[in-house]
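Asker: Sequence:
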Amino acid sequence: MTVTAAQGFLASGVAAGIKDSGDPDLALVVNRGPSRAAAGVFTSNRVQAAPVRWSRRVLADGRISGVVLNSGGANACTGPAGAVDARVMAEHTARAVGVGPDEIAVCSTGLIGIPLPMDRVTAGIDAAAERLSPERGVEAAVAIKTTDSVHKTAVVSGPGGWTVGGMAKGAGMLAPGLATMLVVLTTDAEVTAAGLDSALREAVRTTFDRVDSDGCMSTNDTVLLLASGASGVTPDPDFFAETVHTVCLDLARQLVADAEGASKEIEVEVIGAASEGDAVTVGKSVARNNLLKCALHGEDPNWGRVLSAIGTTPAVFDPDHLDVAINGVWVCRDGAAGESRDKVDLSGRQITVTIDLRSGDESAVIWTNDLTAEYVHENSAYSS
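Be aware that the sequence shown starts at 1197, since it is given in the working numbering, and climbs by one per residue.
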């Protein structure tokens, strides 16, 4: 189970015919309560899809009863008709599950600029509503995939019998603010909307917002956290926030692992920074450096490209006091050659680039991947 691991939740997924492939493409997640508290974080892209705008509005009161999600079409940049379609999806779902339309969030993912086939969408909603079950969380996770090669789920249980579970999709356009993704998290803990919002925003800030696959930010990114309160347990706020962070981190790492065409998973760790902001800025600059990503794909520990990326940032550092390690080998010391590059083993999938700015005590980690011919093919040979 995934989003249905927590008590009080039902889910389902169906093939509605939105995708030409005939693969599953529509999912429902429904909260049967007793609580309907919810929180959400959305893309910071100024171009936002109609479902994002709809979901922002319905979450304004900190309450939703369900989510309808489709893959195979983003309903982004579709004009006034797209806004109508997002509202129709919410209204149709609301009727099917017996709640008000202002209690339904809408999420869409896929190709931008193409109207959804609404006759198929609404029929799919009806079919998904008939299949709602606490046993169909995986079914929902599969239905929201686009270029994902695998579905992504995570579950963590807290003391006293409460749980946080979730599902995510995302494999391309992974860049901070958010990574390109749809995420639905659920919990049966008794937590207020304000408590959910606080825990979710902090978790997103240090997980999804630090995934940077290709430097491209989506129009549809949505992370939702719904609480049913069905366990009857009110957890310690800090422990609850830590649990939400654990689930988000698990899902974020799964996004990077499944990044389009990736053969290497790269962790950029920045230490010794004057501020957390400096650490994040440097980490993002290195993670987005295509020359470095190509080098690591070719298993070349080219630390010069790391220094070049650091030098483009306004972070506090002395260029003559920068240290860089690749998979634990300090190939750069004091801004110059350190240990032999020949000691670096890049044959595995996991790579860690550690950067010591030697300017303070703050740190941050950014997750990215290599740049491959498969990535170019996947994003040029066809639309997804």
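Keep in mind the hints are simulated off the structure, nothing from the lab. Heads up, a few of these hints could be off.
Taking lysine to any residue pairs in the SDA-like style, the calculated list, with each CA pair at most 20 Å apart, reads [what the hints assert, rightly or not]:
no., residue 1, residue 2
1, LYS1460, GLU1331
2, LYS1539, GLY1500
3, LYS1460, ASP1541
4, LYS1460, CYS1273
5, LYS1460, ASN1486
6, LYS1460, SER1471
7, LYS1539, GLU1495
8, LYS1460, LEU1487
9, LYS1460, VAL1512
10, LYS1460, GLY1556
11, LYS1460, THR1548
Since the structure is predicted, the reported quantities are computational estimates derived from the model, not experimental observations.
Asker: Decide, hint by hint, whether the structure agrees.
Answerer: Hints, verified against the model:
no. : hint                 : verdict
1   : LYS1460 with GLU1331 : violated, 34 Å
2   : LYS1539 with GLY1500 : holds, 16 Å
3   : LYS1460 with ASP1541 : holds, 13 Å
4   : LYS1460 with CYS1273 : violated, 33 Å
5   : LYS1460 with ASN1486 : holds, 14 Å
6   : LYS1460 with SER1471 : violated, 28 Å
7   : LYS1539 with GLU1495 : holds, 12 Å
8   : LYS1460 with LEU1487 : holds, 14 Å
9   : LYS1460 with VAL1512 : violated, 29 Å
10  : LYS1460 with GLY1556 : violated, 30 Å
11  : LYS1460 with THR1548 : holds, 10 Å
Taken one by one, the earlier hints fail for this structure at numbers 1, 4, 6, 9 and 10, listed in ascending order.
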